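**Q** Each chain, letter by letter, is given below.
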Amino acid sequence: MIGFHNVSKAYNGQLVLDNINFKISPGEFVCLVGKSGAGKSTIVKLLTGEEKPDQGRVLFGSYEVNKLKPKELPPLRRKIGIVFQDFKLLPIKTAYENVAFAMEVDGRKQEEIDALVPQVLDIVGLADKQYNFPHELSGGMKQRVAIARALVHRPSVIIADEPTGNLDHYNAWEIVNLLLKINDLGTTLILATHSKEIINKINKRVITLDNGKIINDEPHGKYLLK
Amino acid sequence: MATTLSRIIKFGIQNFLRNGWLSVATIAVLVLALLVFHGLIVFGVISQTAVASIKDKIDISVYFKDSAPEDEILKVEREIEGLAEVKSVDYVSKDRALDAFKDRHKEDAVIAQALAELQANPLLASLNIKAKDPKEYPNIVERIQDGPAINVIEKISYAQNKSAIERLARLVDTFGNAGLAITITLALIGALVTFNSVRLAIYSNREEIGIMRLVGASNKFINGPYIVSGLIYGVIAAILSLAAAAPIIALASPYVEVFVPEMNLQSYFYGNLISFFGYHLLFGVVLGVVSSAVAVQRYLKL
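Quick note, the sequences are listed as chains D and W, same order. Under the numbering used here, think of the first position of the first sequence as 1, with each following residue one higher. Under the numbering used here, think of the first position of the second sequence as 227, with each following residue one higher.
Calculated from the structure, these hints are not laboratory results. One thing to keep in mind: the hints can contain errors.
A few chain D residues that don't get close to chain W, going by computed Cβ distances all over 12 Å [stated by the list, open to error]:
1) 24
2) 35
3) 64
4) 82
5) 128
6) 149
7) 196
8) 213
9) 216
If you want the footprint, here are the derived chain D segments under chain W, 3+ residues with CB under 8 Å [stated by the list, open to error]:
10) 99-113
11) 161-171
12) 176-189
As the structure is a computational prediction, the values presented were derived from the model and not from experiment. Heads up, the beta-carbon is just placed ideally off N, CA and C, and yes, glycines get one too.
Make a model of the complete structure from these sequences and hints.
**A** Shown next as structure tokens:
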């Protein structure tokens with residue numbers, strides 16, 4: 001359902017992705033591994049249409065993402081749930097409203113929103129923090145709100161870009177376990193990370209990037225970088 | 227559609243309420259711009275009244291020879307009244323001139339006595355002419371001098387007052403032009419300052435705009451709420467600026483009356499309160515909405 005075909009991307013003449021090829025099937029859990037600057041975030045941005053490749057095709061379901069015009073991006077983005085290292089919550093909205101926002105812009109009915117948002121907040125363990133604003137929540141809680149938001153419109157894929165980067169050990173594992181649980185329920189999951197511990201422990205498919213190239217792609221991979 | 231619109235309005239109100247200080251600061255700038263705008267309207271009205279009152283005070287008099295028969299004078303009056311440039315003609319007969327003279331000098335015993343000793347009325351009959359535009363006086367004078375009436379005319383006061391009338395005419399013109407230039411400049415400055423502060427307010431929200439895009443919000447969900455906020459800014463600023471203008475007008479009114487006695491600023495303000503509110507609302511809302519729409523447009527192209 002996701003495919004990168006001969007994708008290259010350069011910023012200011014500096015090659016960030018060099019002829020990348022991979023496919024991800026529905027329901028997979030894939031770790032994108034690489035040092036800072038290896039091209040993980042660029043892959044995420046190409047998938048969400050934030051950036052366009054210089055070469056190659058980026059496929060997502062029936063979409064050829066590299067050919068979408070800005071106006072055609074919102075429907076694509078509503079099919080993808082994204083979780084960021086810096087959470088990217090809307091500061092003037094409560095936890096509940098942040099999650100509801102993703103459904104509101106999708107044109108969902110109010111009754112559906114009223115029913116689903118508390119349910120999803122409950123899944124991520126924040127049932128009692130619905131009315132708190134982001135600045136009133138800890139890092140781990142913020143990330144769980146972000147996951148709830150990514151989850152709530154039932155996307156076929158969730159992309160988590162360094163979701164544990166700003167969290168302590170305990171909270172990081174809470175988040176990873178949550179992502180594993182979501183994947184178990186059938187959602188495709190792409191986890192971009194450089195945490196050796198997480199990758200080695202979860203025993204999932206690992207795509208390793210180095211200097212813009214895929215140097216390894218294993219169904220049950222380990223952390224290979226030094 | 228209705229759901230989308232109601233959500234956009236809800237987000238707009240939320241933006242407005244939860245961005246408390248930003249909203250207050252933006253409204254404050256908008257209020258200042260509206261006060262400038264209000265000042266310009268008032269300044270325009272005052273200067274128009276002042277100019278009209280100066281124009282009204284400029285006139286010329288045509289004095290007729292003592293021998294001129296009254297029906298001849300009345301004929302000239304009708305002719306002058308027929309000129310397109312002339313606003314009004316007032317016939318002052320010898321008797322009226324004398325009455326006015328006596329009235330003016332009734333305190334002066336010497337003059338009263340001198341008049342009493344005179345057998346005949348020494349004053350001349352005259353026509354007081356007011357032009358629609360002070361610049362037309364030379365034309366009017368020329369037309370009179372070239373006409374047949376010149377035989378019965380003793381003198382025209384224009385010759386004596388020529389330079390003063392011309393200076394006043396120029397002053398009136400310059401005043402009008404300068405007023406327009408100042409109005410346009412200040413209105414433009416007010417609009418630009420407002421636009422800039424709205425732009426800054428939205429600039430500080432650029433990250434949120436990016437987040438909205440990433441969760442799949444279409445453009446109408448992103449710029450809609452900002453336009454709604456802009457609308458709210460405009461309405462509140464219109465009310466506040468009008469409320470702030472009231473005491474300023476009350477304070478300035480007596481001073482204005484010293485310069486332009488025909489002008490009662492306060493009663494003018496309250497007499498036109500509704501149309502003033504309309505102007506403020508229009509200017510405030512247009513400025514708020516257009517600034518928001520233009521400013522947010524920049525961030526919609528990701």
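**Q** It remains to establish, for every hint, whether it holds in the given structure.
**A** Taking the hints in turn, this is what the structure says about them:
no., hint, verdict
1, 24, "20 Å, holds"
2, 35, "24 Å, holds"
3, 64, "18 Å, holds"
4, 82, "6 Å, violated"
5, 128, "22 Å, holds"
6, 149, "7 Å, violated"
7, 196, "28 Å, holds"
8, 213, "27 Å, holds"
9, 216, "29 Å, holds"
10, 99-113, "holds (count 8)"
11, 161-171, "violated (count 0)"
12, 176-189, "violated (count 0)"
Hint compliance for this structure: hints 4, 6, 11, 12 are broken, all remaining hints hold.
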